[in-house]
Amino acid sequence: MTTTRADTTLATPMLEVENLEQRFPLRSGIIDRLTFKGGRPRLVDSVVHAVNGVSFSIAKGEVLALVGESGCGKSTVAKSIARIYTPSGGRIRIDGEEVGGYGHRQMLPVRAKMQMIFQDPFASLNPRQKVRDIVAEPLREQLEARGEGNAKARAREAALALLERVGLNAEHATRYPHQFSGGQRQRIGIARALSVNPGLIIADEPVSALDVSIQAQILNLMMDLRDEFGLAYLFISHDLSVVNHIADRIGVMYLGFLVETAPRDRLFSAPRHPYTRALLSAAPTIDPADKAVEMELEGEVPSALALPSGCCFRTRCPFAFDRCTAERPRLQDVGDGQSVACHLVDEPERDRP
Amino acid sequence: MDHQSATAPLLDVRDLRTWFHTFSGTVKAVDGVSFTLAPGEVMGLVGESGGGKSVVGFSLLGLIDPPGRIEGGEILLDGEDIARASEERLRRIRGREIAMIFQDPMTSLNPVKTVGAQMDEMLRLHTDLDEGARKARCVAMLESVGISRAAERLRAYPHQFSGGMRQRVVIAIALLASPRLIVADEPTTALDVTIQSQILKLMRKRIAETGAAMILVTHDLAVVSEMVDKIVVLYCGRVVETGPAREVIANPSHPYTRGLVDSIPNPKHRKPRLAQIPGAVPDIRNLPSGCSFRPRCPRAQARCAEVSPALAPTRGTLSAACHFPILEEVAAAMATTGGERA
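From first to last, the protein sequence lines are chains A and B.
The opening position of the first sequence corresponds to residue 1 in this note's numbering, with each subsequent residue numbered one higher.
The opening position of the second sequence corresponds to residue 1 in this note's numbering, with each subsequent residue numbered one higher.
Hints listed in this document are in silico derivations from the structure and should not be mistaken for laboratory results.
All of these numbers come straight from a predicted model, not from anything done at the bench.
It is possible that some hints are incorrect.
[As the list claims (entries may be wrong)] A few chain A residues that face chain B, going by a derived Cβ cut-off under 10 Å, partial list only:
(1) I84
(2) T86
(3) D239
(4) L240
(5) F268
(6) R316
(7) P318
(8) A320
[What the hints assert, rightly or not] Quick look at which bits of chain A chain B covers, simulated, 3 or more residues with Cβ under 8 Å:
(9) 176-184
(10) 213-220
(11) 281-287
Heads up, the beta-carbon is just placed ideally off N, CA and C, and yes, glycines get one too.
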């Protein structure tokens, strides 16, 4: 079953995220929270603003990649959608169903539509479970919840077929995770995610822990599976060359904000946001002769405990002007499917160093 | 950096073998590695995990702990074999002659000493400078790696710096005693890409200024191709290919290097599927007969199972350990765009 982009444009998106916010209170000790402001002792609560009003959608069969540096909130977005975290604000609709406020039990049927693959294949598999049971578990849970009989045997049978599909074989079914290499473990994680036949897979840095030759194997497998099952991916990565290979559309995050989103080729050929441009300039390439260094960034990412006023990027932006401090730029459509959150869009004459 | 083939090498590693004697068998992590490095030359030591690249780096500094041992071979630093040097002698070499930059700047700095104290220690051990001169040198060095308010920052502890700043401190410490060789083991792997480009640029600039030679140990071919003059590719503890960086990446002659380069997604030549090397790196305690790469190699023939290939010139400036090297320049991904640009 394959889905082309044309027949899905009118259908419900596989995933819609609207104004997603995720804050984490830092519950440190009373001494840490104590400050003396204006001569009076006060207890201050500090809050990490991990995700600040992020919106995007993914059509069925589409691959959206979120890129950014550590601490930009891309993994937090993934985990909020997978409802590992409870979002602090905003809406999450999976196949049209609003799940942002769902509890554990209500989420169970939703998980048949959405599964997650994790970065570290060494930490994400239960070391005391046989591979067969790891892969069968999500389907078994679903079958049991629907009250269907013989869930265990059916799930195990399906698991064997899935192991075969991801490039392992039936002999591997009764082994334990420690008997596999990193790449094989990631295949096990993928088989487990596929067991419930989901429409959406959230993949959080799925190839970052792998050697480059193994990385290519896993990326190829993920693309084959997308064509075969019509999967949509939310692909989280810091590696621009991987993203360029796999994504249909790309969102760039910085300090918990989505600063730019565009179709892949558009983003790489005509990036608009200064951060996107700096990121593309900084990425090392195996072909340095082809590299055009447009700009280099000074300094580092500010703390998510105290967001800068106005634009999140203004502290490092070579183009920043007074409006950037005063007003937070909103993501606005600049045509060709590209949206940018930057005041330069309104005042293009300032776009020169 | 110019290659002066006439100059005597600064470092001459000959048939280095570093083995680990574990309960489950002998791990020949480095098994017969040879290379030379001229003064001021920057070399990349690349390969996948398990290739032995870090163990080579640690061997150069005499940092192999039991059950590991340098079983054989020579590490000639200016003609002196430091593979057999006493611990006393090695202590004098480390820091002054050869400095090391590790991957994780948090664990390579002492968390309970100020940055100033750690820098001062290096100078106290390796120079005769008095206290005032040492401090001045530390301040100048911190400034040269891009840390502002350096005099003040000397009193700060490592946790008060961000990851990128900590790696700058580590680089400053490594450069303090003006070593002739710097071994950098994945120096930017833990850093974000915009910070990575800052650090690489800094290292390139400072190393060119001091005239030190450097060995950059990394799995990242993109980083290597931006930084180094020459590349040594390791697989299962052996050198499989070596040559000038541009040539090794644009037109490798060993099938393993070819596979490695092709499996990196290249935005300029996007294909629906990435080229992949089948299988996985074999268990190093139980290597296949003959060539270690044979089970994954598309060019393997009967002879590869019988005789382990030796490193020999293959094409142009390249040498590879392969019975059936790629002799023609493959018009694949890189070849079409690689090479020069004004």
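How the hints compare with the structure:
Interface hint at I84/A: violated, since its Cβ lies 23 Å from the closest Cβ of chain B, which is beyond the 10 Å cut-off. A distance limit of 10 Å between C-beta atoms decides the matter here; for T86/A the minimum to chain B is near 28 Å, and the interface restraint is violated. Of the supplied interface hints, the one on D239/A holds, with its beta-carbon coming within about 8 Å of a beta-carbon of chain B, less than 10 Å. A hinted interface residue such as L240/A counts as satisfied when its beta carbon comes closer than 10 Å to some beta carbon of chain B; here the least separation is about 8 Å, so the hint holds.
The beta carbon of F268/A is positioned within 10 Å of a beta carbon in chain B (closest approach about 6 Å), and the interface hint is therefore held. Interface restraint check: R316/A against chain B, minimum CB-CB distance 9 Å, threshold 10 Å, status holds. Taking 10 Å as the C-beta cut-off, the interface hint given for P318/A is violated, the closest approach to chain B being about 13 Å. Nearest Cβ of chain B to the Cβ of A320/A: about 16 Å, over the 10 Å cut. The hint is violated.
Residues of the region 176-184 of chain A with a Cβ under 8 Å from some Cβ of chain B number 3, which satisfies the need for three, so the listed coverage holds. A count of 7 residues in the region 213-220 of chain A with a Cβ less than 8 Å from any Cβ of chain B is obtained; the coverage claim is therefore met, three being the minimum. Counting residues of the region 281-287 of chain A whose CB lies closer than 8 Å to any CB of chain B gives 7, which reaches the minimum of 3, so the coverage claim holds.
Comparing the model with each earlier hint shows violations of hints 1, 2, 7 and 8; every other hint is respected.
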